[in-house]
Amino acid sequence: MSQPKDDREQLGRAFVELADTLVDDYDVVDLLDRLVGHSVELLHADAAGIVLVDAHQQLRVLAASSEDAELMELMQLQNDEGPCLDCYRSVAQISVADLAEEKQRWPRFVEAVAQQGVFRAVHALPLRLRGQAIGALNLFSAQPGALPPAALALGQALADVATIGILQERAIRRAETLSEQLQTALNSRLVIEQAKGVIRQHSNLTMDSAFDRLRRYARARNLRLSQVARDIVEGRLDPNALTSALMRNNRT
Amino acid sequence: MIEPGPVTRALLETIGEVADDSHLAQRICTLCVTGLDIDGAAISLLIEGAEMATLWATDTTAELLEDLQFAMNEGPSIQAAAMGSPVLVSDLAEPSEASSWPMFADAVAERTSVRALFALPLQWGAITLGVLDLHRIQPGGLSKVQRRDVLAAADTASVLLLGLRTGHGDDRWLDPAMSHRAEIHQATGMVLAQLGVSATEALTRMRAYAFAEQRLLSEVARDVVSRQLQFSPEMS
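Residue numbers (the numbering used here), protein chains in the order written: chain L, 906 to 1157; chain Y, 92 to 327.
Please note that a few of the clues may not be correct.
[To be verified] These stretches of chain L come out as covered by chain Y in the derived footprint (C-beta under 8 Å, 3 or more residues): (1) 913-927; (2) 1092-1105.
[Claimed, not checked] From the derived model, a few chain Y residues whose C-beta atoms are all more than 12 Å from chain L: (3) V124; (4) D130; (5) E142; (6) T152; (7) P177; (8) F209; (9) G216; (10) I228; (11) R239; (12) D240; (13) L255; (14) R256; (15) A268; (16) E274; (17) A312.
[As the list claims (entries may be wrong)] If the Cβ cut is set under 8 Å, some of the chain Y residues that face chain L in the computed set are: (18) G175; (19) Q229; (20) G231; (21) G232; (22) R238; (23) A273; (24) T279; (25) L283; (26) Q285; (27) A290; (28) T291; (29) T295.
Derived by calculation from the structure, the hints in this document are not laboratory data.
Note that the Cβ used here is the ideal one computed from N, Cα and C, for glycine as well.
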C-alpha cells in the first residue's frame, strides 16, 4: 500500500522533472521515456508504453517502461485489435479491469496476454489533440482491478503532457508541425533501435540494459538521446565510453 | 485500416519494377506531381556523407531549387537531411517560415514564382539516403490527406531506394509495413559493430546472407538479435 505523502512527493518530483525537460532543448523520445517511467510510479502500474500513429496509420511504440520484446509485442499487436486501438480510434479512455472477461471483445489480444501470463489489467489513455488522437498511453498491471478516478485523471494529465511535449505547444496551431514532429520522433526511435544493437554487440547486454546505458549517458551529459544514438551508429561515439561513464557515475 | 493514399499506393505497386535508383526517383517524382497538389518534384541523394546530388527533377524549376540549395549550402532540403525532420513550408513569403535559410528564400523569390516547399528526408533510422523535394507556385499547405500520403510515400520510397542500394537491383527486399520492426534495426546495429562497417553495408551483408541461404531477412535479423548468428569479416 502506498503512503499518500510518498505519492505527493513523487508527483511533485515528476512535475518538476517534466517541466524542466520541456523548457530546455529536449528530445521527444527522451521526454516520452521519462513520462512512461513516471506513469508506472505514479499510477502504480507494472508496465507502461506510449504508442504514436505514423503516416501509414500504424501504431508504433515510442517508449516503454521496459525494452522487453514481449511487452513490445503486446503493444504492437494492438494494431489489429485491442484496448489501445479502440482508445486511439474513439479518442476515449478504455479501461479493462480484468482481461479474462474480455475474450469476446478482443479475442487475439486477450489470448496473447494470457499466453504471456503476466498482465491481467490494461488501461489505455488517448494522446488527444483537438478531438483526435495521435496515439495512446498504455498501462499494464499484473493484478486485475479498476483504476480509481483520481488515477485515471492523473493518467490523462500525463498523456496530455506527452501530447504537448510532442507538439511544443506554441506550434500547435500549425498542422504541418504535428506531422514534422511525429515523423522525426518515429525515425529517432529507429536510430535508437540501431544504437541498442551496436551497444549490445559491444557489451553483451540485453536490449533493455543497452538502452539504459544510452539513456544514462545522454542524461548525465545533458545531450539529446537521439543524437547520442546517432553518434553511436555512425561511429562518432565509442560504445565503450558509455560503460566507463556509468562506472564513474557509480563511484560518485 | 485506413487505405494508403494514391501516391503511396502507386509506389507500392512499383515494387519489383524498377532496375535502378534514377528510374525509381523518376517514378516517385512523377507520382507526386500527378497525385498531389504540387507543381514539381526532385530527389537528391546524399553522397559521401555530406554532399548532395540531384538524382531526378521533373522540370527546370525543381532542378534550380536543388542547385540553389547546394550552391548556398542552405535551404529546406539541407535542413531536412541534417535534422532528419520534414520541413513543410506553406508560404515562403511569410518571414517566420524562411528564417533558417534567408539567402535561399531570397534567391527563390527573385528567380522563381515558387511559394510553397515541402522537403521530406528519405531515411531509415540513422541511414540518411537523401531528400524528396516538392514545390508549388500557389502558397498553401498540403491537405491533411495529402500530407499523410506524402509522408507515407517518402517512407516507402526510402525502403525502395535502400533496397536498391543494399541488394542487386532488387527493391523487393522488405515489406514496407514491416520496415519499422525493432529487430531489423537492432540487427543492423549488431552487424555493423561485428564487421566494423556502416549501417548500409551491414544491411547489404545481411541481405546477401539471406539470399544465399534462401531465408527471409526478418528471420536473419531475429537470429542475429538472439545471437544464433554472428557475422565476421571472413564470412563470404
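Against the structure, the hints come out as follows:
1. 913-927: This one is violated; 0 residues, fewer than the three required, reach chain Y with a Cβ under 8 Å.
2. 1092-1105: It holds, with 12 qualifying residues against the three required.
3. V124: holds, 19 Å
4. D130: Given that every Cβ of chain L is farther than 12 Å from that of D130(Y), nearest at about 18 Å, it holds.
5. E142: With a cut-off of 12 Å, E142(Y) remains clear of chain L, as the shortest Cβ separation is near 16 Å.
6. T152: holds, 22 Å
7. P177: About 5 Å separates P177(Y) from the closest Cβ of chain L, which leaves it inside 12 Å; violated.
8. F209: Contrary to the label, F209(Y) does not stay out of reach of chain L, its closest Cβ about 9 Å off (not over 12 Å).
9. G216: violated, 4 Å
10. I228: holds, 18 Å
11. R239: Check fails; 6 Å does not lie beyond 12 Å.
12. D240: The claim breaks: D240(Y) does not keep its Cβ more than 12 Å from every Cβ of chain L (closest is about 8 Å).
13. L255: holds, 19 Å
14. R256: Its Cβ never comes within 12 Å of chain L, the nearest being 16 Å, so this holds.
15. A268: violated, 7 Å
16. E274: At roughly 8 Å from the nearest Cβ of chain L, E274(Y) sits no farther out than 12 Å, so the non-interface label is violated.
17. A312: With a cut-off of 12 Å, A312(Y) comes too close to chain L, as the shortest Cβ separation is near 10 Å.
18. G175: holds, 5 Å
19. Q229: violated, 16 Å
20. G231: violated, 11 Å
21. G232: holds, 6 Å
22. R238: With a closest approach of 5 Å, the R238(Y) hint holds.
23. A273: holds, 5 Å
24. T279: holds, 5 Å
25. L283: holds, 6 Å
26. Q285: holds, 6 Å
27. A290: holds, 6 Å
28. T291: violated, 11 Å
29. T295: At 15 Å from the nearest chain L Cβ, T295(Y) fails the 8 Å test, so the hint is violated.
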